[in-house]
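Novice: Spelled out from the first residue to the last, the chains are:
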Amino acid sequence: MKNSNRFPPKPDFSITILSQTQLLKMVVELTRHIATLFQFPLAEAQKISLAIDEAVTNVIKHSYANKDDRPLTIEYYVAPDGILIRILYRGLPPEISDEEVNLGRMIKKKRKGGLGVKLMKTIMDSVTYQTVDGENRCDMIKWRKAK
Amino acid sequence: MKSFQIRSKMVGGVAVLYLKGHLDAHQVARFEKELVRMIKDSNFNILINGQDLNYITSAGMGIIMGYIDEVREKGGDIKLCSLSERVHETFDLVGFTEIYDFVQNEQAAIEKFKPLPPKA
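So the sequence lines, in the order shown, correspond to chains A and B. Residue numbering for the first sequence follows the numbering used here, starting at 1 and increasing by one per position. Residue numbering for the second sequence follows the numbering used here, starting at 1 and increasing by one per position.
Honestly, I wouldn't trust all of these hints.
Pairs of lysine-lysine, DSSO-like flavour, derived with a Cα cap of 30 Å [as the list claims (entries may be wrong)]:
#1 A:Lys109 with B:Lys20
#2 B:Lys9 with B:Lys114
#3 B:Lys112 with A:Lys112
#4 B:Lys20 with A:Lys110
Rather than coming from a laboratory, the hints here were simulated on the basis of the structure. These figures come from a predicted structure and were not determined experimentally.
Model the full structure from these sequences, guided by the hints.
Specialist: This is the structure:
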């Protein structure tokens, strides 16, 4: 079983942005660029950047309740066999359900949200949340496919 | 230039929404506004043409999910057509391709809609 100890102690790259949805596209392009720079195939890099878009959107919408002046930091750690992307933020801790997404039920309830975490978990090999001393952390790992 | 554009027109009794560009949480309100306008105008046969859509997140897919039940209750449907492989794959990742009708092109999609029931 692979674990996050494989990654360097300090990020290879990090960026701190304000909690503004207009910055999402920049985050997506940056993540895709970093993933391809570190030899992830383009299709894989595009999916990783979508997962990060979903995670950052969740932070802005739920943890920061759409307030657009709160900071969040995205850190990128690269190892020979994978990438760890960590989002650090304050605000409300995430409420992540382990319950399997049931599209039929969500449609009946006319729900518009709830698909983002499903996308993140489907794309990434590992998605974990934790809160320590008021700081929330979302860790997402994607391992490289063996050649 | 805006990163997301939306326009609509009626084609053979079907309200067609043309999405172009990058649809994320920042842009999604415009998509929802247009979809709601169509439903309020009693257009329950709705086709989303994504030929020029190059990116979608759960925010956009959630809008489709949030209104599909209302539209189907009225005898209509929301179908999708002409998606790129990448966008189609995003829908597939959340299981939409098992619940929604994805059609190759606009003409074929329009032909699949049933006429709406007469208004009471």
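Novice: Of the numbered hints stated earlier in the document, which are not met by this structure?
Specialist: As far as the earlier hints go, not one is violated by this structure.
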